[in-house]
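Produce the complete structure using the sequences and hints provided.
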Amino acid sequence: KQEVTQIPAALSVPEGENLVLNCSFTDSAIYNLQWFRQDPGKGLTSLLLIQSSQREQTSGRLNASLDKSSGRSTLYIAASQPGDSATYLCAVNSGGYQKVTFGTGTKLQVIP
Amino acid sequence: GAGVSQSPSNKVTEKGKDVELRCDPISGHTALYWYRQSLGQGLEFLIYFQGNSAPDKSGLPSDRFSAERTGGSVSTLTIQRTQQEDSAVYLCASSRDRGPYGYTFGSGTRLTVV
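Chain order of the listed sequences is A and B. Residue numbers for the first sequence follow my numbering, beginning at 1 and rising by one. Residue numbers for the second sequence follow my numbering, beginning at 1 and rising by one.
No wet-lab data here; the hints were simulated from the structure. All the given hints hold, so there is nothing to weed out.
Heads up, simulated BS3-like pairs for lysine-lysine below, C-alpha to C-alpha not over 27 Å straight-line:
no., chain 1, residue 1, chain 2, residue 2
1, A, K42, B, K57
2, A, K1, B, K57
3, A, K42, B, K11
4, A, K99, B, K57
5, A, K42, B, K17
6, A, K68, A, K1
7, A, K107, A, K42
8, B, K15, A, K42
9, A, K68, A, K99
10, B, K11, A, K107
11, A, K99, A, K1
Pair ranges (Cβ atoms, derived):
no., chain 1, residue 1, chain 2, residue 2, range
12, A, S28, B, P61, 26 to 32 Å
13, B, R96, A, R55, 20 to 26 Å
14, A, N18, B, G71, 46 to 52 Å
For every residue, glycine included, the Cβ atom is placed at its ideal position computed from N, Cα and C.
Listed below in structure tokens is the structure:
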């Protein structure tokens with residue numbers, strides 16, 4: 001059974017800092033991994049999708065990497081802004097709809 | 001539509017009442033999913049629709065929960081005789097097909113049972 005862990009559960013940083021969020025998974029046989037952000041009381045917004053054959057994806061100030069062999073993905077946020085404050089979730093697709101496992105998220109607060 | 005649309009965004013209901021939650025997926029997305037997110041918890045899979053195939057209802061927590069999808073598009077999640085433990089955010093997502101495609105989520109319906 002795939003297990004997805006996100007550590008830390010919460011993170012507070014001053015504005016302008018670069019930061020890394022971590023996502024670990026136990027079964028390396030995955031189709032893809034997707035990073036989402038969730039604002040309070042809102043749905044999930046997709047940030048980046050990395051297929052199993054890829055090592056990283058970039059979008060603006062965000063860079064996500066994937067290392068299947070070690071069961072890890074990181075989300076790098078450059079020059080953090082208060083608007084980046086949200087909960088960040090990773091979702092691991094191990095083979096179809098029922099095998100998508102979500103982490104419980106890292107709650108990020110960027111202090112002005 | 002351009003995104004996944006859910007309604008209502010918020011719903012407060014009395015214990016024992018029935019509620020209906022609606023999801024309108026992205027046009028052309030054949031797969032539709034319902035998830036539940038309780039306070040401080042991860043996402044719990046509820047049900048999955050793929051095209052005209054029979055839905056996978058294995059995640060529904062009790063027989064008070066049901067869902068349908070009409071014409072392969074709009075879906076309705078119905079909770080009968082609501083209980084306080086049903087209070088949660090109900091999220092709908094759609095994707096192009098079953099397989100290695102990403103999900104697009106709606107904004108969710110926050111259900112509060114009082």
